[in-house]
Every structure is written in structure tokens, then in C-alpha cells.
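Trainee: With these hints in hand, go ahead and build the complete structure from the sequences.
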Amino acid sequence: MSKTKASLIHLSLSVLVISFIFLLIFFVWYPSPFDKTQGISEILYLMLIVDLFLGPLLTFVVYKQGKRGLATDLSIIATIQISALIYALYVVHKERPAYIVHAIDRYEVVTASEVNMQESSIPEMEIGFFTKPNYIYVESPKGDAMAQLVIDVLSGASNDLERLPQYYQLYEKNIEQVLSKGKELSSIANQLSLPKGIDPKEYLFAPIVGKRKDMLALINKKTGYPEQFIDVDPWTIENN
Numbered sequence: 001m002s003k004t005k006a007s008l009i010h011l012s013l014s015v016l017v018i019s020f021i022f023l024l025i026f027f028v029w030y031p032s033p034f035d036k037t038q039g040i041s042e043i044l045y046l047m048l049i050v051d052l053f054l055g056p057l058l059t060f061v062v063y064k065q066g067k068r069g070l071a072t073d074l075s076i077i078a079t080i081q082i083s084a085l086i087y088a089l090y091v092v093h094k095e096r097p098a099y100i101v102h103a104i105d106r107y108e109v110v111t112a113s114e115v116n117m118q119e120s121s122i123p124e125m126e127i128g129f130f131t132k133p134n135y136i137y138v139e140s141p142k143g144d145a146m147a148q149l150v151i152d153v154l155s156g157a158s159n160d161l162e163r164l165p166q167y168y169q170l171y172e173k174n175i176e177q178v179l180s181k182g183k184e185l186s187s188i189a190n191q192l193s194l195p196k197g198i199d200p201k202e203y204l205f206a207p208i209v210g211k212r213k214d215m216l217a218l219i220n221k222k223t224g225y226p227e228q229f230i231d232v233d234p235w236t237i238e239n240n
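1 is the number of the first residue of the sequence shown in this note's numbering; add one for each residue after it.
Derived from the structure by calculation, the hints contain no laboratory data. Please read all numbers here as calculations on a predicted model, not as lab measurements. Note that beta-carbon positions come from the ideal geometry of N, C-alpha and C, so glycine has one too. Where hints are given, some of them may not hold.
Listed next, with one range per pair, are the computed distances between beta-carbon atoms [stated by the list, open to error]:
id : residue 1 : residue 2 : range
1  : Glu-238   : Phe-22    : 37 to 43 Å
2  : Ile-122   : Lys-183   : 24 to 30 Å
3  : Gly-197   : Pro-123   : 34 to 40 Å
The list that follows gives simulated cross-link-like pairs (lysine-lysine, BS3-like), each with its CA atoms no further than 27 Å apart [unchecked claim]:
id : residue 1 : residue 2
4  : Lys-36    : Lys-142
5  : Lys-173   : Lys-201
6  : Lys-196   : Lys-183
7  : Lys-142   : Lys-201
8  : Lys-36    : Lys-67
9  : Lys-3     : Lys-67
10 : Lys-181   : Lys-213
11 : Lys-221   : Lys-183
12 : Lys-183   : Lys-201
13 : Lys-36    : Lys-3
14 : Lys-36    : Lys-181
15 : Lys-94    : Lys-5
16 : Lys-36    : Lys-64
17 : Lys-173   : Lys-132
18 : Lys-183   : Lys-36
19 : Lys-213   : Lys-183
20 : Lys-183   : Lys-173
21 : Lys-221   : Lys-132
22 : Lys-173   : Lys-142
23 : Lys-36    : Lys-221
24 : Lys-213   : Lys-3
25 : Lys-181   : Lys-211
Mentor: Okay, structure coming up:
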């Protein structure tokens, strides 16, 4: 078998593996717009470089039919490639957006590594390996408890409200509260380039806060769930 054929076989196998992984990432772990809010492009570029470029290139360089030690060389290449892939997958999975938490008047993207859902009253909402992010509602504590929480957060003794699973509730049972906190999209529609088919009168808006980028969520008044997301800084919008 020639060098070219060996490297092409390596490339073909790598493409198959990467294709499956990218489908998992973009359709399950990081469905739009969470690939943008969480900023995973750097680690994905690393995966592409190692698996689709360096791996096949090294195979092309070392491959020679009948060469002594060829199996060892190919094993080393495969080990490097698989190790890099496992590391990248570990990081991507650990930092995946697990819970889209409605806290007060906005959505906060909470990663799988930031909360333990077994500490909540709704442990059944814990995401699985092949589960898309779950929407969660967080109930703010009242009175002295809220004042103490603010002090604890400011002093660094506590996580922010959206990362305290003991306050988590089912989103679908708090739709009215979500809608009451949203703002009318029609009040800012003239400042935005809205997706086709969006009637501003049928939607509310709220910020969605991510690790790398904040965006604008458009909430369907009928369902109470975000239906569209606009890649614009929500803090620069002037609400009339």
C-alpha cells in the first residue's frame, strides 16, 4: 500500500469520527446559540487540526510498506490522536451548557460542572450524555434570606442565585412568572434585524448570559419558552 493510500485511509477514518463528534456537539451538547454563547471554537479547531491534518500527515511521513517498526510508529500516532481527542471531548463535555436558568429577569447558561442537580428538588431534570440543555426556573428567596444571599454572593461565600440548585424549580410550572418578567419585543423591534416570520407582538425578550457572549432571547408568549435568539449585545438595547 502506498503512502498516499495509507494517509487517505487514515483521513477517511478521522473524518467519520469527527463527523459523529461534531453532530453530537452541535445538535445535542451545544445546540444553537449555545456554541456562540459558550465560545467553543478554539477547542474545536484543535480537534480539527490534530485529527484531520496532523494525524494523516504523520501517517504519510512514517508509512513505508515493510518498514521495521511501522506498527509501533502507527500506534504512537494513533495514541497521540486519540489522547488529544479524549482531552478535547472531556473539556467540551464538562463545559457544555446543561441548564438554561431563568433567574429574575434573564437567562443564565449554567454548565454541567457548576451544579449538582441531586441537591435540587427536581433531580429528574439532570441532563444525560445525549440530552440537550434543560430549561430551569429559579425561585428567589424572600426577605432576610435574600438579603443574606446578596451579602454572601458579594463576599464570595456563595455562588450566584442561578448556580444554587436548592432554588431550582420546573420551568413549565413557572411560565407565568417568566412571562411577567419579559419585556415586549415590539418596544425594541426597530433596533433589531428580526428573523423572518417573527411578529414582535407575539414575543417578549430577555437577555441570555453566556460564558463568552451574551445574546437576546425571544420568548414566545404562547409557550413561554425562548424560540429564537439574536446575536446582539442585550445590554446596548434601549428599551422604550
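Trainee: Against this structure, judge whether each hint is valid.
Mentor: Now the hints, each set against the structure:
Range check, Glu-238 to Phe-22: Cβ separation about 38 Å, and the 37 to 43 Å hint holds. Take Ile-122 and Lys-183: their Cβ atoms lie about 27 Å apart, and the range 24 to 30 Å holds. For the pair Gly-197 and Pro-123, the beta carbons lie near 38 Å from each other, so the given range of 34 to 40 Å is met. With a C-alpha separation of about 34 Å, the suggested pairing of Lys-36 with Lys-142 is violated against the 27 Å cut-off.
Restraint check for Lys-173 and Lys-201: satisfied, since their Cα atoms lie roughly 24 Å apart, inside the 27 Å limit. With a CA separation close to 20 Å, the supplied pair Lys-196 and Lys-183 stays within the 27 Å bound. Of the pairs offered as hints, the one joining Lys-142 and Lys-201 is violated, with about 33 Å between alpha carbons and a cut-off of 27 Å exceeded. Distance check on the hinted pair: Lys-36 and Lys-67 sit about 46 Å apart at the alpha-carbon level, beyond 27 Å; violated.
Restraint check: the Cα-Cα separation between Lys-3 and Lys-67 comes to about 12 Å, which is no more than 27 Å; the hinted pair holds. Restraint check for Lys-181 and Lys-213: the C-alpha separation of about 22 Å stays at or below 27 Å, so the hint holds. Between Lys-221 and Lys-183 the alpha-carbon distance is near 11 Å, which keeps this suggested pair within the 27 Å criterion. Between Lys-183 and Lys-201 the CA atoms are separated by roughly 11 Å; this keeps the pair inside 27 Å, and the hint holds.
For the proposed pair Lys-36 and Lys-3, the alpha carbon gap of about 39 Å is over 27 Å, so the pair is violated. Of the supplied pair hints, the one linking Lys-36 and Lys-181 holds, its CA atoms being roughly 25 Å apart against a limit of 27 Å. Only pairs whose Cα atoms come within 27 Å are accepted, and Lys-94 paired with Lys-5 is rejected, the gap being roughly 37 Å. Between the alpha carbons of Lys-36 and Lys-64 the distance comes to roughly 43 Å, so the proposed pair goes past 27 Å and is violated.
The suggested pairing of Lys-173 with Lys-132 holds, with an alpha-carbon distance near 19 Å, which does not exceed 27 Å. A hinted pair counts as satisfied when its Cα atoms are at most 27 Å apart, and Lys-183 with Lys-36 qualifies at roughly 23 Å. Pair hint Lys-213 plus Lys-183 holds up; C-alpha atoms about 21 Å apart against a cutoff of 27 Å. Straight-line distance between C-alpha atoms of Lys-183 and Lys-173 comes to about 20 Å, which keeps the hinted pair within the 27 Å bound.
For the proposed pair Lys-221 and Lys-132, the alpha carbon gap of about 22 Å is at most 27 Å, so the pair holds. This hinted pair checks out: Lys-173 and Lys-142 have alpha carbons roughly 19 Å apart, not beyond 27 Å. As the CA atoms of Lys-36 and Lys-221 are separated by approximately 25 Å, the hinted pair is consistent with the 27 Å bound. For the hint linking Lys-213 to Lys-3, the alpha-carbon distance of about 44 Å lies beyond 27 Å, and the restraint is violated.
With a C-alpha separation of about 23 Å, the suggested pair Lys-181 and Lys-211 falls inside the 27 Å cut-off, and the hint holds.
Violated hints for the displayed structure, listed by number in ascending order: 4, 7, 8, 13, 15, 16 and 24.
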